[in-house]
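*Asks:* Protein chains in written order, with the numbering used here: chain W, 1147 to 1288; chain Y, 43 to 333; chain X, 67 to 425.
Keep in mind that the hints were calculated from the coordinates and are not lab data.
We put the CB at the ideal spot given by N, CA and C, even for glycine.
Treat the hints with care, since some could be wrong.
[What the hints assert, rightly or not] Now the stretches of chain Y that chain X is said to cover, found in silico as 3 or more residues with beta-carbon under 8 Å:
1) 75-84
2) 143-154
3) 216-227
[Said to hold, decoys possible] For lysine-lysine, the following DSS-like pairs were computed, each having C-alpha atoms within a straight-line distance of at most 25 Å:
4) X:Lys399 <-> X:Lys272
5) X:Lys272 <-> W:Lys1201
6) X:Lys117 <-> W:Lys1209
7) X:Lys378 <-> W:Lys1201
8) X:Lys117 <-> W:Lys1165
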Amino acid sequence: MTKHPLKMTKVALENLFQKPATVPYPAVRKPVYAATRGRIAIEEAKCILCLICDKKCPTGAIKVDRPGKTWAIDRLLCIQCGYCVEVCPKKCLGMENLYSPPVSAKAMDVVNVPFTPPPPKPKPPPASATPAATPAPEAGKE
Amino acid sequence: MNLTHAILAALLYIVAAPVLAGLLAGVDRIISARMQARIGPPLLQPFYDLFKLFQKERIAVNKTGHFFLLGYLLFTIIAGVEFFIGGDLLIVIFALALGSVFFVLGAFAAGSPYSHIGAERELIQLMASEPMLILSAMGFYVATGSFQVHDIWSRPDLLIVILPGMFAGLVYVLTIKLRKSPFDLATSHHAHQEIVKGITTEFSGPYLAVIELAHWYETILLLGFLYLFFAPWPWLAVLALAAVYFLEILADNTNARLYWQWVLRSSWIFTAVAGAGNLVVLYYLSRGGTP
Amino acid sequence: MANRTVIPFGPQHPVLPEPIHLDLVIEDEHVVEAIPSFGFIHRGLEKLAEKRDFTEFTFVAERICGICSYIHGMGYCQAIESVMGLEIPERAKWLRTMWAELSRMHSHMMWLGLLGDAFGFENLFMAFWRVREGLLDIIEETSGGRVIFGAAKVGGIRRDVPDDLLARIPAQLAKIEAEMRPITDVFRDDFSVRQRLCGVGVLSQKDAYDLGAVGPVLRGSGVAVDTRLEGYAAYDRVQVEPIVESDGDCWARAMVRIREVYQSFEILKQVLPNVPAGPVDMKVTGAPNGEFFARLEQPRGEVIYYVKGSGKKQLDRFRVRTPTFANIPPLLKMLQGCQLADVPVIVLTIDPCISCAER
């Protein structure tokens, strides 16, 4: 390869006559991939408020309220690791490939969950599910 | 040039120079961005920046610094006015240098080591660029027999033909004056420098705007200097100035920042070869040519 | 006789986006001495390992560093797997190797851009970061993250990469390699770049060895050490030669990294067609009981992971020795006698990641 000191001039002039590599975000956005970890989404119809995601979330971004029947996530605390998606027993959590929109204030993203524990007979399962969600026995089950 | 004309020219310079230089800065930023394969800011971005700076809070490390900055702006404008009313070239050069010295004093007024090193480097840049400016005034004198800008630009012959070395030398020091890589030692248009923002580190908001404004006046004055070489042919002059400015942008985008030692040495060597060489040749030619 | 001045450099400094503080004792513009201070962002991650489930700690390990994230996660998992005696599936090993090399390439290219920025060459900075974007796209498409891969897992990898995607990567890499040639040539040949790099911050071979330099700093001074030769993951089945330069100056360290990027292209050419079919993870039961030192080659140099467990879900002790930590003493040696304008360049040539070093 020839050794001359002005190689950058060539690069700069080529760039000058080519289309810029950047895009005018947010008017134009780069495509996302199927695998892109964007944000956590929930299919609330399938959720059983089992609290596993709440317990497992490494940053404590997910808060599940059983009496109030809500599933909530702090989008700014979430690190998009996808661990909740892996541990969800009903597979109602999923990773979307679109990012959360920018916000100007911190707020929980609250979702109302329609799940009602069937009254007398399935009373035991939620009761047994609660201890199962504590770290020690659950991790053994994995 | 009578008094009315002079006042008109002065007013025109005071009003039009920042507008013109701001647009030039906008074009500069777009072309720089394209050379880096970016889209770049809108054309009027330098004006938005300037107005925003004027709106910002005034925080002073040392109020004396602000007084010196106004001196910088004032003397740069005086140099420009003197030039555009067709005054004495030497006064233009000394007023410009005085303005820069005020700027340096302003930076020394604060205690920050970044500001001090920036100021020291600005002095070194002055040492690197002033000889060429003074030599070019001598060149104009030898070529035209006058230091008056008015006399120089109303001559019918194209000065670039007999002063090509002077022109090249001035283009070289223009890189220093415009604070372009590889000579952006004292402060840089780009954020990442080892001495933070160098000479401008300790100024804030409106005072940064004053510095920018003074820099714009200076830019137009220096381009006016180069215009003198092509004065009889305005279209050629505009083309030449555009070409020079483009080369400056290209140099900015294809070079690293160099050491002050290298800047000083190279500009003195260039001044000696191109500037002084041109002067010597011209002197002997004029001796031989005229009885 | 010049006066001595002390110039504070960092922890907030535009040219050095890392929270290290250096007191530079200078005479005129010559640095006589550099006195570092640390601890601005100590996060207590090593202590955190004693509170967290060892599988969950992978997420924390990956976030020790933003740029060499993947190899941190991989190193942690490798240490745990060795304690537990797990032999992870072959496919996982090969994909780990692929991601480790992609991580090295994007880290080096980011660094090359930053170095350009440190000596005021904005266009070079933009050029490297533009080309690096192509690598980030590959990383995002395979792992889901751009710099935090999130693909490490004790017992394998968290996400399989489809074979058709693996087959597409070589063409993308070839395109990136072609785009890279002209700009790495600038580093090698450009006059102003050579002015700023050649003969600056020289570290002799003996000093590099004695002061415990690692990675490109060590190899730039002529010592052929590369932890990849230990043969972890699938490195025992690919051709890896340590890249060595003998000058020991900033230019040599830049050349080591440039050549390593090209070497990574070659390694990926060996890895991608050879990824075997099969599972990518295995069931992990029980808890680590025992201790292990894992050594891996980060883009910045050798990283050491120490884990100690006693059969509980939480580790008893966890320790990381990051490459930046090892490269600080050589850095102080290099800074002596340099010019003020060289300080950012020299500091950058160790590729500092202070957040890594402080964990």
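*Asks:* Which of the stated hints cannot be reconciled with the structure, identified by number in ascending sequence?
*Replies:* Hints 2, 5 and 8 are the ones this structure does not satisfy, whereas the remaining hints hold.
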